[in-house]
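A.B. asks: Sequence:
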Amino acid sequence: MSIATTRRALVAGAALATFARPAFAQSWPTRPVSMIVPWAAGGGTDATGRIVATLLERELGRPVNVVNRTGGGGLVGHTEIANARADGYTIGVITTELSLYRTTGAGQIDWKNFTPIALYNTDPQGVHVRADGPRDLAQLVAQIRERPGANKASGANLGGAAHLSLVGMLNALGLPPSAAPWVPTDGSAPSLQQLAAGAIQLVTTTMPEAKTMVDAGQVRTIAIMRASRDPAYPNVPTVKEAVGVDWSLGAWRGIAGPRNLPEAITTRLRQAMAKVVADPEFIRLMTARSFGMEYVDGPAFGAWLEAADKRFGDAARAAGLAR
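Residues -25 to -1, 1 to 298 in mature numbering (1 follows the signal peptide of the UniProt record, and there is no 0) are what the sequence shown lists, from first letter to last.
Rather than coming from a laboratory, the hints here were simulated on the basis of the structure.
Quick caveat, the model's predicted, so the values are computed rather than measured.
Note that CB positions come from ideal geometry on N, CA and C, so glycine has one too.
Please note: incorrect hints may appear among the correct ones.
Said to hold, decoys possible - Pair ranges (Cβ atoms, derived):
id: 1; residue 1: 123; residue 2: 174; range: 15 to 25 Å
id: 2; residue 1: 83; residue 2: 153; range: 41 to 51 Å
id: 3; residue 1: 121; residue 2: 278; range: 42 to 52 Å
id: 4; residue 1: 5; residue 2: 209; range: 47 to 57 Å
id: 5; residue 1: 209; residue 2: 114; range: 16 to 26 Å
id: 6; residue 1: 190; residue 2: 234; range: 39 to 49 Å
id: 7; residue 1: 221; residue 2: 263; range: 25 to 35 Å
To be verified - Mimicking DSSO-like on lysine-lysine, the simulated pairs with C-alpha atoms at most 30 Å apart in a straight line are:
id: 8; residue 1: 186; residue 2: 250
id: 9; residue 1: 87; residue 2: 250
id: 10; residue 1: 250; residue 2: 127
id: 11; residue 1: 285; residue 2: 127
id: 12; residue 1: 186; residue 2: 215
id: 13; residue 1: 285; residue 2: 215
id: 14; residue 1: 186; residue 2: 127
id: 15; residue 1: 215; residue 2: 87
With the sequences and hints as input, model every part of the structure.
C.D. replies: This is the structure:
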């Protein structure tokens, strides 16, 4: 077990010690719980959400059913979580895009419309091309400069984290967003399928989301949007190494319920998530897919989300995506 994993287990263990078990929390749930995933099946949010749901079932003693609610760049699913009855029977996976909806004008919800339960995942973005595409990021950038608009890109919705990661990099390179037009989709899985089919020329999405198609030899990762190389991908250069501009961005995922979730149910969910992230099976499954693991509990997750709003909002404004 790595130092980082050991630290996660200790943090989760410490969190467990702080939870009481109110009588109301002990009686909930009495029926299945729905977990809304705002993105398409086969993507990273779907994959990690299903890992969490499976282990959450063990802790809650009731089925936790994953429901994919796609559309609107994740806005449809996020809105359904926010508008659900605050009885604990509808929770969901919230994602990076929640930190961008208001800033980009895509929607009118933010983290304050939710009851934060736990952050469980963060991952760096990467730049991915077809297996027979440009050999490196420098060659891709040269192609974009030579033929502005000819190289189409995707990764998920317009104005989301994947789009922001591309526009921010182009901005750092002195290129307008129109240099690599964005093709919006309902997530990384359909974007990567379009890339493999040759309909688009590059995808910006998290490293783990591209892993299956990279391993299958259909896609290559040519750069990672991180300050330094990721030990999980030691042969992938950073954007700065590849083209000399300092640009990094990552994505996050967490569990939340609608605003005003009863304290007893919130406590029960926080307790269950603390056990989930400390479970060796969670660590094994996340590691097998190269998903990053970062745990932040309840109130601290709320503060983390508030800071993320500012961080991603600032990046969106700098990239010209603010409305």
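A.B. asks: Now look at each hint and say whether the structure bears it out.
C.D. replies: Outcome of the hint check:
1. 123 x 174: 15 to 25 Å: 19 Å, holds
2. 83 x 153: 41 to 51 Å: 27 Å, violated
3. 121 x 278: 42 to 52 Å: 46 Å, holds
4. 5 x 209: 47 to 57 Å: 49 Å, holds
5. 209 x 114: 16 to 26 Å: 21 Å, holds
6. 190 x 234: 39 to 49 Å: At 40 Å between Cβs, range holds.
7. 221 x 263: 25 to 35 Å: Hint holds: Cβ distance 32 Å, inside 25 to 35 Å.
8. 186 x 250: Given pair residue 186, residue 250 holds - Cα atoms ~27 Å apart, limit 30 Å.
9. 87 x 250: The hint holds at about 25 Å.
10. 250 x 127: Not OK: residue 250 and residue 127 at ~43 Å, beyond 30 Å, violated.
11. 285 x 127: Roughly 29 Å between the alpha carbons, so the hint for residue 285 and residue 127 holds.
12. 186 x 215: Holds. Residue 186 to residue 215 sits at ~22 Å (cutoff 30 Å).
13. 285 x 215: 24 Å, holds
14. 186 x 127: Satisfied, since the Cα-Cα distance of roughly 21 Å is no more than 30 Å.
15. 215 x 87: Roughly 35 Å between the alpha carbons, so the hint for residue 215 and residue 87 is violated.
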